[in-house]
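A.B. asks: With the hints as constraints, model all of the structure from the sequences given.
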Amino acid sequence: MENIHSHLGHSANGLLQEIRQQTAVNIQACYQCGKCSAGCPLAGEMDFPPSLLMRMIQVNKPETDEKVLGAYSMWVCLTCNTCSSRCPMEIDIPRVMDHLREKSFTLGKTNKKASPIIDFHKAFLKSIEVNGRLHELGLIVYYKMLTFRLMQDVMLAPGMLLRGKLHLFPERIRQRKQLAAIFKRTYKRRKEQEV
Amino acid sequence: MNIGFYPGCSMQGSSPEYNESVQAICSALGISLIEVSDWNCCGATAAHNLNRELSLALPARILAHAAADGLEEVLVPCAACYNRLKMVQHEIGADRKLQDSISEILDEPYQGNARILSILDFLERDVEPLLAEKIMKPLKQKIACYYGCLLVRPQNILDAKRHEDPQSMDHIMQLLGAEAIDWAFKTECCGAGLSVSKTGVVAELSGRILDDAAHRGAKAIIVACPMCHSNLDMRRKAIEQHRNKDFDLPVMYITQAIGLALGIDPVKLGLKRHFVPVNLEL
Amino acid sequence: MARIGVFVCHCGENISATVECDKVAQAAAGFPGVVHSIDYKYMCSDPGQNMIREAIREKNLTGVVVASCSPRMHEPTFRQACSEAGLNPFLCEMANLREHCSWVHEKGEATTKKAIDLVRMMVEKVKRNQPLYPIRVPVTKTALVVGGGIAGIQAALDIANGGNKVIMVEREPSIGGHMSQLSETFPTLDCSQCILTPRMVEVAQHPNITLYTYAELIGLDGFIGNFKAKIRKKAKSVDEKICTGCALCTTKCPQKKIPSEFNEGLGKRTAIYVPFPQAVPNKPVIDKDHCTYYKTGKCKICEKVCPAQAIRFDQPDEIVEVAVGAVVIATGFTIHQTGFFPEYGYGRYPDVLTGLQFERLASASGPTLGEIRRPSDGKIPETIVFISCAGSRDPAKGIEYCSKICCMYIAKHAMLYQHKVHHGKSYVFYMDIRAGGKMYEEFVRRAITEDQVNYVRGRVSKIYERDGKLIVKGVDTLMGAEAVEIEADMVVLATAGIANPGAEELAQTLHVSYDGHHFFSEAHPKLRPVETNTAGIFLAGACQALKDIPESVAQASGAAGKVNILFSKSELTREPLIAVVNRSAPPEYSTCVGCFLCQPACPYQAIEKEEIKDRSGKVIKTVARVNPGLCQGCGTCVAFCRSKSIDIQGYTHEQVLAEVMAVLEND
Numbered sequence: 000m001e002n003i004h005s006h007l008g009h010s011a012n013g014l015l016q017e018i019r020q021q022t023a024v025n026i027q028a029c030y031q032c033g034k035c036s037a038g039c040p041l042a043g044e045m046d047f048p049p050s051l052l053m054r055m056i057q058v059n060k061p062e063t064d065e066k067v068l069g070a071y072s073m074w075v076c077l078t079c080n081t082c083s084s085r086c087p088m089e090i091d092i093p094r095v096m097d098h099l100r101e102k103s104f105t106l107g108k109t110n111k112k113a114s115p116i117i118d119f120h121k122a123f124l125k126s127i128e129v130n131g132r133l134h135e136l137g138l139i140v141y142y143k144m145l146t147f148r149l150m151q152d153v154m155l156a157p158g159m160l161l162r163g164k165l166h167l168f169p170e171r172i173r174q175r176k177q178l179a180a181i182f183k184r185t186y187k188r189r190k191e192q193e194v
Numbered sequence: 000m001n002i003g004f005y006p007g008c009s010m011q012g013s014s015p016e017y018n019e020s021v022q023a024i025c026s027a028l029g030i031s032l033i034e035v036s037d038w039n040c041c042g043a044t045a046a047h048n049l050n051r052e053l054s055l056a057l058p059a060r061i062l063a064h065a066a067a068d069g070l071e072e073v074l075v076p077c078a079a080c081y082n083r084l085k086m087v088q089h090e091i092g093a094d095r096k097l098q099d100s101i102s103e104i105l106d107e108p109y110q111g112n113a114r115i116l117s118i119l120d121f122l123e124r125d126v127e128p129l130l131a132e133k134i135m136k137p138l139k140q141k142i143a144c145y146y147g148c149l150l151v152r153p154q155n156i157l158d159a160k161r162h163e164d165p166q167s168m169d170h171i172m173q174l175l176g177a178e179a180i181d182w183a184f185k186t187e188c189c190g191a192g193l194s195v196s197k198t199g200v201v202a203e204l205s206g207r208i209l210d211d212a213a214h215r216g217a218k219a220i221i222v223a224c225p226m227c228h229s230n231l232d233m234r235r236k237a238i239e240q241h242r243n244k245d246f247d248l249p250v251m252y253i254t255q256a257i258g259l260a261l262g263i264d265p266v267k268l269g270l271k272r273h274f275v276p277v278n279l280e281l
Numbered sequence: 000m001a002r003i004g005v006f007v008c009h010c011g012e013n014i015s016a017t018v019e020c021d022k023v024a025q026a027a028a029g030f031p032g033v034v035h036s037i038d039y040k041y042m043c044s045d046p047g048q049n050m051i052r053e054a055i056r057e058k059n060l061t062g063v064v065v066a067s068c069s070p071r072m073h074e075p076t077f078r079q080a081c082s083e084a085g086l087n088p089f090l091c092e093m094a095n096l097r098e099h100c101s102w103v104h105e106k107g108e109a110t111t112k113k114a115i116d117l118v119r120m121m122v123e124k125v126k127r128n129q130p131l132y133p134i135r136v137p138v139t140k141t142a143l144v145v146g147g148g149i150a151g152i153q154a155a156l157d158i159a160n161g162g163n164k165v166i167m168v169e170r171e172p173s174i175g176g177h178m179s180q181l182s183e184t185f186p187t188l189d190c191s192q193c194i195l196t197p198r199m200v201e202v203a204q205h206p207n208i209t210l211y212t213y214a215e216l217i218g219l220d221g222f223i224g225n226f227k228a229k230i231r232k233k234a235k236s237v238d239e240k241i242c243t244g245c246a247l248c249t250t251k252c253p254q255k256k257i258p259s260e261f262n263e264g265l266g267k268r269t270a271i272y273v274p275f276p277q278a279v280p281n282k283p284v285i286d287k288d289h290c291t292y293y294k295t296g297k298c299k300i301c302e303k304v305c306p307a308q309a310i311r312f313d314q315p316d317e318i319v320e321v322a323v324g325a326v327v328i329a330t331g332f333t334i335h336q337t338g339f340f341p342e343y344g345y346g347r348y349p350d351v352l353t354g355l356q357f358e359r360l361a362s363a364s365g366p367t368l369g370e371i372r373r374p375s376d377g378k379i380p381e382t383i384v385f386i387s388c389a390g391s392r393d394p395a396k397g398i399e400y401c402s403k404i405c406c407m408y409i410a411k412h413a414m415l416y417q418h419k420v421h422h423g424k425s426y427v428f429y430m431d432i433r434a435g436g437k438m439y440e441e442f443v444r445r446a447i448t449e450d451q452v453n454y455v456r457g458r459v460s461k462i463y464e465r466d467g468k469l470i471v472k473g474v475d476t477l478m479g480a481e482a483v484e485i486e487a488d489m490v491v492l493a494t495a496g497i498a499n500p501g502a503e504e505l506a507q508t509l510h511v512s513y514d515g516h517h518f519f520s521e522a523h524p525k526l527r528p529v530e531t532n533t534a535g536i537f538l539a540g541a542c543q544a545l546k547d548i549p550e551s552v553a554q555a556s557g558a559a560g561k562v563n564i565l566f567s568k569s570e571l572t573r574e575p576l577i578a579v580v581n582r583s584a585p586p587e588y589s590t591c592v593g594c595f596l597c598q599p600a601c602p603y604q605a606i607e608k609e610e611i612k613d614r615s616g617k618v619i620k621t622v623a624r625v626n627p628g629l630c631q632g633c634g635t636c637v638a639f640c641r642s643k644s645i646d647i648q649g650y651t652h653e654q655v656l657a658e659v660m661a662v663l664e665n666d
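Residue numbers (numbering that gives the first Met the number 0), protein chains in the order written: chain A, 0 to 194; chain B, 0 to 281; chain C, 0 to 666.
Wrong hints could be hidden among the right ones.
Stated by the list, open to error - Cut-off 25 Å, straight-line C-alpha distance, at most; resulting in silico cross-link-like pairs (PhoX-like, lysine-lysine): (1) B/Lys85 x A/Lys125; (2) A/Lys60 x A/Lys108; (3) A/Lys108 x A/Lys125; (4) A/Lys121 x B/Lys85.
Note that these hints are calculated values from the structure, not bench results.
C.D. replies: Laid out in structure tokens, this is it:
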């Protein structure tokens, strides 16, 4: 009986409504033509191609919403915008992906397979928070600490150093305190929203 | 001519040759660029994937600095930074409430009116008209212009013409004497920010791009995005291993190609910094 | 003294559920001038109408107010009932208690009070009504049919066979329209030209039909029964009366590489040409834009070879004015070209075709004589992909609607392909299969089950060319949105059907309304599907909305029926609700000061100048006069008149003001 997909028990405040309210994207407009999935360069990597993800949100049940938030799809999405540029209903799928990622991340529901990708983003933001600008070497070192992928890309580093593409020391902005305050305010707001 | 300039992290970090070539052709053509003061990172993919407010606030700070510097327009050669700045300008500009909210985070009023120029906007408007007289060494080669995603999509917000088959780089390359081939992967994705965390994906996606360009007889690929460049150039070994095939296909920034045609020293254009050597017969 | 009767209707429960009808009737009984007031369950029923008739006779009523529904539906019913009892029908008014009150409000005191107010307004109005008499106008029993496709042909033949005259205007050198381009027709697969050409010939030979081809309607004035149409007959540069149609000229013309419109650009034609072998009339025209002589002043080869000496290079365009009583618009549709689709190559790939181009390839009279061959290299495609909804149901591309005919013609195309290329593989990318129609669903099923056409549910994202193949990147949404990539030799796009370019301009010429996509609007989407909002102008075929051949023919016959009904009487009556400029005793004669601001304001050119003369014939005053035949009662002149000298009969200043005061004074 578990496999029977029931359309009873719709949520009144599921992802469908939340996305409509917070991003102004109406996923009900999707008529499942699949053009997004057909054009998506990453569809093959995803557990649910974009059109299927839209359908799952349309179903609007707590169980499917859980599946959506735990999906791998949005973490491999590269925001290339191919889907939305061709969507006949002009649905801003990349915006939805952004929403799903942030929601899944703040609720701690992220797909396990996505950890290296998320760790990379975390390392990236850390580098900016500290320096104001990206410091590639710092980013890579921090990323390796998070993922234990110690040997990855080691062969690339000497070549990069040789060609002046990797700097030992970060370039920093002057108003670092002001920038750190910007980071802090966004974190604080997110905490408030969770409460 | 004074134009604001936002280099972004890549041009200072892993893609210095893009910066060098932009600077070299500007000084050759008498265009001066004024760097936005104390600029910060735009937040790139990481910010909009994990923290929407941060993804708006970081570019908003850049725009605020440009406004404070009195810059009416800002050239943003990095396609990724350009895309983020345009998106943020579009989103915040259209939403009063969001403006207030972002001003609060910035702790200063949002000022986002500077006109953001992509490298293609800039080249088309300010460089193209000067080119004809200054070309010393025409690039008589078959080349493939690769635009990627971030310069053309979302087409409505970026106001991209012919977004499925853009022409502006092709046009410039033709002016330089090259033959710009008609190919199918002009605006396909290279794998972008998954370069480190999912190198396999980049090898597959960038591999398809190299394959189509090579198959149609291109002798070089011309790009305008540091991410595209590093995926097609720096990741070449991984691509070749993945496809089990070697490609003799250098990847140049459009500004490097213009520099070469203007007769600028390849070293000054950063051409020695590439992983795939550029040995075009000129 | 006014003696008004008020009749309050319950409309079953439609009104009485929220309005206390008995209270309304009681209140109305107390209004000044009301001598009779009752309520009843169904006023429009026979007993209800009898109540009105009897009251008029017994109480000698001078006016009637029926408080019921919208006058749109039942005004004629009640006015007829009054007329039968000897009361002038224009002394009967309706207060709309249903749409304006009971349906839009909750039950309550305020609702009943509003109903009472509505009745009070109408009582005050009807007290000021004047008896009016219908206007009689003569009818010119000739119809103008604009467009010579299957809809125009059917309408023209039906009108002509009904004994009335028809003038048909067709823009192209031949009649036949899109149907003449089709190979076979669904769901019977009978040959399109075989069933069409006899009708085309019948049009040409019919004694009641005058055919103007290579001609355009450029103006229309007048009103139902009495239109004046202006037609431009473009110079054909050929004297049709002398030309024998031998077509020698078309074989000798040096301009041989002009893309043929009839073959959708897949074949070539000459500058002097007959669009296709079965053309009606079967006589050539010279396309001035491509003719060597018109471009350079030299050539005239056609003139030299013409055995009948029929070439006339100096022939001018001719403007013809005709009087007609009715107009049938049957101007058809067009389709988007493949260049409309960025993701499918901006029209750059020669083997990506439209549905109409495929029709020409499949047609025995087409450029390949019915063999399906690629335009690029002439090869027979081994794999072919059909894509439905190419532009239709695509708000991003500006078209929300379904083009309606594509699902069926795609099934037909795939079938024709499989019949002609037995070893070939065909794929159809679709979102939904819309096959509502007699034997339509069965037809599509046959394509799938008998002819092995592969239907894939999903939309194609991109097409690109590689090594002579077209790579089609689609998806199968019934397989969990799995990617489907097909290396095709030919792709056929079912591009969206759209209104003809120039449809908007034509609508403005004809004073008919049109929708956001420039399709002409019918007067009522359900009950008046062949009429426009302009009396005497009717619609047939795809110019109203996309439709297939049987539907176009049915609508054309419907429009023809309407025309024949109109022409069945020698004069027709119109409601006298028109503008009138007042007249009074000397020395004023009228309050009109003759400023004639009304004249340019009138959209129907109905304002005339009238000279008022004394007995000796001296002009005392020039005032405005409204031509009752032309006036449509729109009231624009009333708004423009600075001296309040114009009134709409039945809606005079006095009547409308009385209605307003009836509410204000009571509050």
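A.B. asks: The structure should be examined with respect to each hint, and the outcome stated for every one.
C.D. replies: Hint-by-hint comparison with the structure:
1. The hinted pair formed by B/Lys85 and A/Lys125 meets the criterion: a straight-line CA distance of about 24 Å does not exceed 25 Å.
2. Proximity of A/Lys60 to A/Lys108 is assessed by CA-CA distance (about 17 Å); at most 25 Å being required, the pair is judged to hold.
3. In summary, the hint linking A/Lys108 to A/Lys125 is supported, as the alpha carbons are separated by about 21 Å, within the 25 Å threshold.
4. A C-alpha spacing of about 24 Å is found between A/Lys121 and B/Lys85, which places the hinted pair at or below 25 Å, so the restraint holds.
Checked against the numbered hints above, the structure violates none of them.
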